[in-house]
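Read top to bottom, the protein sequences are chains A, B, C, D, E, F, G and H.
Just so we're aligned, residue 247 is where the first sequence starts under this note's numbering, counting upward by one.
Just so we're aligned, residue 247 is where the second sequence starts under this note's numbering, counting upward by one.
Just so we're aligned, residue 247 is where the third sequence starts under this note's numbering, counting upward by one.
Just so we're aligned, residue 247 is where the fourth sequence starts under this note's numbering, counting upward by one.
Just so we're aligned, residue 247 is where the fifth sequence starts under this note's numbering, counting upward by one.
Just so we're aligned, residue 247 is where the sixth sequence starts under this note's numbering, counting upward by one.
Just so we're aligned, residue 247 is where the seventh sequence starts under this note's numbering, counting upward by one.
Just so we're aligned, residue 247 is where the eighth sequence starts under this note's numbering, counting upward by one.
Keep in mind the hints are simulated off the structure, nothing from the lab.
You may find that some hints are simply not true.
To be verified - In silico BS3-like pairs for lysine-lysine, Cα to Cα no more than 30 angstroms straight-line:
no.	chain 1	residue 1	chain 2	residue 2
1	G	366	H	364
2	B	366	C	254
3	F	271	H	271
4	F	271	G	271
5	B	364	C	366
6	C	254	E	254
Fair warning: this is a prediction, and the values are worked out from it, not measured in the lab.
Number of protein chains: 8
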Amino acid sequence: MDPRELQKLLEQVRDGGVSPDQAIKRLEHMPFEDLGFAKVDHHRALRHGMPEVVLGLGNATEEVRDIAAELLRRTKNLLVTRATQEMADAVTKLAPEAEFFPRSGALRVWQDREIHGKSKIAIVCAGTSDIPVAQEARVTCEVMGNEVDEIYDVGVAGIHRLLGNLERLSEARVIICCAGMEGALPSAVGGLVSAPVIAVPTSTGYGASFGGVTALLGMLNSCSSNVTVVNIDNGFGAAYVATLINRL
Amino acid sequence: MDPRELQKLLEQVRDGGVSPDQAIKRLEHMPFEDLGFAKVDHHRALRHGMPEVVLGLGNATEEVRDIAAELLRRTKNLLVTRATQEMADAVTKLAPEAEFFPRSGALRVWQDREIHGKSKIAIVCAGTSDIPVAQEARVTCEVMGNEVDEIYDVGVAGIHRLLGNLERLSEARVIICCAGMEGALPSAVGGLVSAPVIAVPTSTGYGASFGGVTALLGMLNSCSSNVTVVNIDNGFGAAYVATLINRL
Amino acid sequence: MDPRELQKLLEQVRDGGVSPDQAIKRLEHMPFEDLGFAKVDHHRALRHGMPEVVLGLGNATEEVRDIAAELLRRTKNLLVTRATQEMADAVTKLAPEAEFFPRSGALRVWQDREIHGKSKIAIVCAGTSDIPVAQEARVTCEVMGNEVDEIYDVGVAGIHRLLGNLERLSEARVIICCAGMEGALPSAVGGLVSAPVIAVPTSTGYGASFGGVTALLGMLNSCSSNVTVVNIDNGFGAAYVATLINRL
Amino acid sequence: MDPRELQKLLEQVRDGGVSPDQAIKRLEHMPFEDLGFAKVDHHRALRHGMPEVVLGLGNATEEVRDIAAELLRRTKNLLVTRATQEMADAVTKLAPEAEFFPRSGALRVWQDREIHGKSKIAIVCAGTSDIPVAQEARVTCEVMGNEVDEIYDVGVAGIHRLLGNLERLSEARVIICCAGMEGALPSAVGGLVSAPVIAVPTSTGYGASFGGVTALLGMLNSCSSNVTVVNIDNGFGAAYVATLINRL
Amino acid sequence: MDPRELQKLLEQVRDGGVSPDQAIKRLEHMPFEDLGFAKVDHHRALRHGMPEVVLGLGNATEEVRDIAAELLRRTKNLLVTRATQEMADAVTKLAPEAEFFPRSGALRVWQDREIHGKSKIAIVCAGTSDIPVAQEARVTCEVMGNEVDEIYDVGVAGIHRLLGNLERLSEARVIICCAGMEGALPSAVGGLVSAPVIAVPTSTGYGASFGGVTALLGMLNSCSSNVTVVNIDNGFGAAYVATLINRL
Amino acid sequence: MDPRELQKLLEQVRDGGVSPDQAIKRLEHMPFEDLGFAKVDHHRALRHGMPEVVLGLGNATEEVRDIAAELLRRTKNLLVTRATQEMADAVTKLAPEAEFFPRSGALRVWQDREIHGKSKIAIVCAGTSDIPVAQEARVTCEVMGNEVDEIYDVGVAGIHRLLGNLERLSEARVIICCAGMEGALPSAVGGLVSAPVIAVPTSTGYGASFGGVTALLGMLNSCSSNVTVVNIDNGFGAAYVATLINRL
Amino acid sequence: MDPRELQKLLEQVRDGGVSPDQAIKRLEHMPFEDLGFAKVDHHRALRHGMPEVVLGLGNATEEVRDIAAELLRRTKNLLVTRATQEMADAVTKLAPEAEFFPRSGALRVWQDREIHGKSKIAIVCAGTSDIPVAQEARVTCEVMGNEVDEIYDVGVAGIHRLLGNLERLSEARVIICCAGMEGALPSAVGGLVSAPVIAVPTSTGYGASFGGVTALLGMLNSCSSNVTVVNIDNGFGAAYVATLINRL
Amino acid sequence: MDPRELQKLLEQVRDGGVSPDQAIKRLEHMPFEDLGFAKVDHHRALRHGMPEVVLGLGNATEEVRDIAAELLRRTKNLLVTRATQEMADAVTKLAPEAEFFPRSGALRVWQDREIHGKSKIAIVCAGTSDIPVAQEARVTCEVMGNEVDEIYDVGVAGIHRLLGNLERLSEARVIICCAGMEGALPSAVGGLVSAPVIAVPTSTGYGASFGGVTALLGMLNSCSSNVTVVNIDNGFGAAYVATLINRL
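Okay, chain A solo, but in the shape it has when bound (with noise of 0.2 angstroms):
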């Protein structure tokens, strides 16, 4: 319903040209867009003092490009996941200060650069195959406002590495830990820190790693109490999650 429709409704209520009783009744057959639910949308509005995200994969390159256009009329901050070399260009051309990382496919504009974190989001991560996917964690935090710390190369068959960046891990607010193969770090990781840790499983390994299905399982039975999941590959969600913990 269009609000300027029930305000026409409303007038008309108010000059005695419709009773209250037909005005209910038509605000029953009205469609359901009505102004109940632009409170639904206003608290989409406050999530999203977020930069607006299209998801690259699966769609066109004008697709992406068109949506593009039309969202940087509007805002700074844009983030494509998943975006191919073809739509990196395209949308270069609309904004040539995009930053695009091939590895991942996370594609920036990042224009308004202001901390909206209270604090520091950390990104661990085990093995270099597991990089692309921190990459993803990193490029969204950053769009979104948040300082981070990465801490790359501290898989758990080398303990003492991990155990080395104590420190660091004891400063963040909330850790984004990205793991293959047998998925044990954010065991690990929980055990030794008291915040919340978002495990992220990668699709890195072979044979009975079945592309991040046995570190998805590893984490989903943390002996650590602080750990949840996010989907297989999944850094733009663990990133998004860990945005909204380190603003609260």
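With chain A's structure known, arrange chains B, C, D, E, F, G and H on it following the hints.
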């Protein structure tokens, strides 16, 4: 939002105590059970020309009895699915005309026996071990006002028995087809008739039947295009959709 | 058994050359395409007031072209599902009015545009990546003589957009609902309407979406009782059953 | 390494009996529970401003009772998860104020009822069969010093009930969302609020619900970006993370 | 169609009361149990020079008893598979010569002990835990008129015991090979003989044996080309096919 | 152990140069390809009245060509399964009479066309997409000396076509039945005949067909007792066993 | 072939009663337990400097008792795995010194306590619920003549406890590491030591632990290269291999 | 913590500038790379009397080349696993003596050819398609200082070839056994020898071999107790553990 509150608000608009603009603002901050939503309930009400249904599974006998008692005050027909003998006893105390079907756990109060369906629903199953699921479907179809034709023991391995029932199959407006093991019956039935076939995998069998998963997968891959599928052992759901179709 | 042979046999009985007992014996040893079976074909013919359908997937272009050529001699409407561009080109040479829909691979000759359906079929989907499957469903519904209402981009995460289309949903006689990821849309749609909902899981998503398996499982476990399910990406099958229901 | 040994070593260095070089050598050969590690424990202690927690599952009643007895000497609040009635009886003898919640197996001694959380945690669930898991979450949240708002029976199939609770949902700082079957509730809730949503799949349902796996997969593929997931039936873990977030 | 009706119709044709054309029309509208189909039953009858078989699993004792009673009136040999002790007792009252084999649940009335098989069937199994399945196979083979040679305890880990039975293996016309765990025995046996090997995975083992699935998969991937496979624990099915082969 | 060495040893025993005790000791330390084992090879030789078979899959063209060259020196019939076009070209240079069947990758040199089978093998399949697997089975059966009857396009959804071939099915001594999707064809065929049916699941289909797994599971759960199963797409294996049976 | 028969045959050769050629022929037709094979048994005997082992699981008490009685006549040490209390009672009557360990079902007669291992085997586990599996491993290691060092309660979430045992871990020649849930412990242990680590997944946990499958998969994907894996709950197998390694 | 800082601190203690108590406090706040941890690194160093190993999979050619360049400055032996031809070319420019094995992707610089193993490692495989994995194992074993004995083409279906190699098998101190399909070879090998057998499932096969999962499961369920398992295709891991065992 309470309709009376809305009434009052609109009367204030009519009386000039509240301006249209103020009314819009106040509407924006009201909770969501507003008038627009009555429409949803209205729809649900329409659909629920059907009897009330209670799921026994996983509830305490007292809970089921209390819900049944409340429903029986305002409804003539009642269905409890997956009820225990104890639940059946408790409900029978409330409504002596209640019927209990132990193999399926269906429990029914069927006082209003008016037929709402336009034609017959055929319920077909392959072996004796599929009968509990077929029974749940039949009991549900009946209490929802359908004429039912049961065609049992017509498995794919004895195709002549199925063909011997061709005439009865052809007279049904919609067919519910329960089968375990390889779940092939819906494909064979679907190839013989032009009615929609709702396939219900049953959890019978052993070994690689995996509690009905094999039958479920077989049905989803049916080479007959008039087949749709519901969850394993979900005779109730099949009957519900069949009833909707039979009322069209 | 050839009808002419049967004719001849019966004439021999009439003429006394063959006794009834001898005729029964001979009938017993005849091959099975006997008269009784004409009835089956008859039924199939009734159902096939629908257009001829060819599955492109896994066939050679020449095979598809030859079958199409043969069918086009005796039918006005033709549907090739999962066709390649090459198949589309070959068929377009035969029938210049052929339409090809590359995202779904649907290829259609639609000359007889008479409406056979009693009411509208709504096709609902959540995201842009579900559109190929929704497109296959739409193209099929249309060529089978149904009026279609497409309602796109109404995912569960933005429930207000779904509610904003409540009126259109309520007007459909049957609803096809395509969704990937968690496959939750059919449950939400099913809770809002009293029509049967045919759920089509789509193979979109990544990681633990497992090529549509997660959506499929979600739909099979729908908490709305008016939902049945077809195979992953099977827009055609959903449209076929919806057409059957819409003709009742 | 025992702090006293370290103390002694340093005193020997101070007194000149041991040279700095010799001290380094001896430190190198000491076991690892050295001073540096106190820091880790210190962190854990910080985190454990939370009550002590014991997992009842798979342990003998006497073991649980003995651990409880020991803990109750130095703590005011105690939580035993997945306890049996027998364990509950044994602990109640030790602490008569203990509360036992049979549906979830949660057993609690809650003497220090100070609130540590900054705001409310909402616990949302879809059906009555999800209540045991929601109960474990609530009991845990409370004993860890949070205010809790329970919103039950708001499944996706009856979206208006969920919307009717929009205001309460919006007031929560973090939301725990328990759902079985298709696990769609977290997506719908996540689309309505800007708070982090912790999704808990429950093992309710039958057939293709696979003991909660379908719900788990659905949640991991949620189309709402503010959703993270814990193990099936892990109400405790969700409450633990929610508590950490609510204390930030 | 009733043979008598057909007889009558043909007599009417003979007598001139019905023209051949009219007869064809009437035949077209008769139900399907027509003469042509007698042929099918005839085939089944041929095959059932085998004893009658009843599946005990999932049926009530009374049902099994009643079917057995009816069958025993017209057959000398009867087999009930997966029977309970209660079923065995009930059938033994009907036929005191009935034998019951508790480990496999096979229940047999074996009065006609004529040998129909052309040669011997060898039944091979690896460990003592496979014996129940081997027993079902043996009891079935015997009651179906085959000579059986049991070769037990010849697992792959002790290859010399298998080789020590090479002569007996070589004398069998067809081999039934039951194995759990890794299911490797059929490959080894198949490599030693030129007879067809029917592999029966057994549900023995624990952990990653997954109730026989591992053995089943191993057998399907056998590197010996003379191996085919039946369902987990399906000793009856293996014996049935072995009997068919042994009668050729 | 070389027979000549054994001969020599026994001659030394005869001549008194070696005592029986010494001979036993020396026999104990000889390698295992001893005389006793000739028996095994003898058996294999018997079985290999069949042509030599080479698996092309996963081997280099040169390897396949070299093995083929060697085999062709001492055999008249040769079969290469899963060969590439390149392999076919290389072998055709060696043996111009070689036939290549691109859809199945079967490559055959068939010079000795003597029939060894006692009767016919029927090869049945449901749809055109199953033909490659059926082709591999046919090519194998022929080159192994069997008469073959191909019955194609007789799926379960069009049961009358299957019944129309009842006579041909009844004449086969063993039936190979290839089917994808729900894999129901072997059950229907098995119910019509008394011959052993070897079911071959094919990897056709999409979505929940899981590359043939659904068909495989369906076949393992066949309600017809005369069905055994081989690996997905294993037309060769089915033909091999069918040949063994047809030679009995 | 009986050695005495061979002896006799060779004596006949020596005495001229049998020619070498005749002897070769007769050897060819002898059963396979020939001299050559004694070598195999000899090897097995060497390996079985270990105690006799009986698997209780799935066997009747009397069978286990009878086998035990027979073995105890010729062996000092005996191990029954997965025994029931009833089996334990029966064996204790035979050998009063028998020890029974109810949590693991291990039953042991350990009279010859000589140490055969070259060094210590460490058995590490994470939580109290892993103890039954660790117990089976310990009881087995001891009865096979190894010194054992048990290090319990050292899970990944409390890494400092693991590090505190670094010295003891370093002293082991081979480590058995039992863990459930995410199965991460072997990776952490493997990163700290240079000994081979044998990982045993345990079936503890709930929900997505899938009875030990998650732990199993995690261990197979371990990022530490010195880890190999045995079946879920297979403490015996791990101990067996550890013993072999410890004897090298 | 830097050793020099510790040195300085201890000197201050010695000099009286810092009291022991103050020193303890400061030690508590130092980062974790403290002296105690040198012990860990020390252990790792011991283990790495082995060559440096780089995983090529998933890394860029330049990264691999740069790491190789750095390592080659301080090591004589280098192994890159799963390298591409491009990586091989890049490393060969740095070290002309590098060897590349294309079938396995193993790339090796092997200058120090000293033997560290106590005895031989046998590498056994069943078919030609398992050779790439066996090759990775061999190349690794050699560069880690072991003598290797390759025994190929000894599958379970031709047991006599395996037995013919019994002597060579018996001479190995540890056996690596690579097999695809049903993965039965390690069971057969394990039954013949007393050495530990490390089983490597290979991803060869088709259909229900599921990329090596069937072989993996078979090996985990081996009926030979001396078998442990590594990940699918993990020839490197098997060789690593075999090397550790061979050095004991």
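Exercise. Are residue 254 (chain C) and residue 254 (chain E) close enough, with their CA atoms no more than 30 angstroms apart?
Worked result: Holds - the C-alpha atoms of residue 254 (chain E) and residue 254 (chain C) are around 18 angstroms apart, at most 30 angstroms.
Problem set entry | Restraint status (C-alpha distance of residue 271 (chain F) to residue 271 (chain H) at most 30 angstroms) | 76 angstroms, violated
Exercise. Hey, residue 271 (chain F) versus residue 271 (chain G), does the alpha-carbon distance stay inside 30 angstroms?
Worked result: Holds - the C-alpha atoms of residue 271 (chain G) and residue 271 (chain F) are around 20 angstroms apart, at most 30 angstroms.
Exercise. Regarding the pair residue 366 (chain G) and residue 364 (chain H), is the alpha-carbon distance no greater than 30 angstroms?
Worked result: Cα-Cα ~20 angstroms, so holds.
Exercise. CA of residue 366 (chain B) to CA of residue 254 (chain C), is that 30 angstroms or under?
Worked result: Given pair residue 366 (chain B), residue 254 (chain C) is violated - Cα atoms ~40 angstroms apart, limit 30 angstroms.
Exercise. Within 30 angstroms, alpha carbon to alpha carbon, are residue 364 (chain B) and residue 366 (chain C)?
Worked result: With a Cα-Cα distance of about 20 angstroms, the restraint between residue 364 (chain B) and residue 366 (chain C) holds, given a limit of 30 angstroms.
Going down the numbered hints, you'll see the structure goes against 2, 3, while the others check out.
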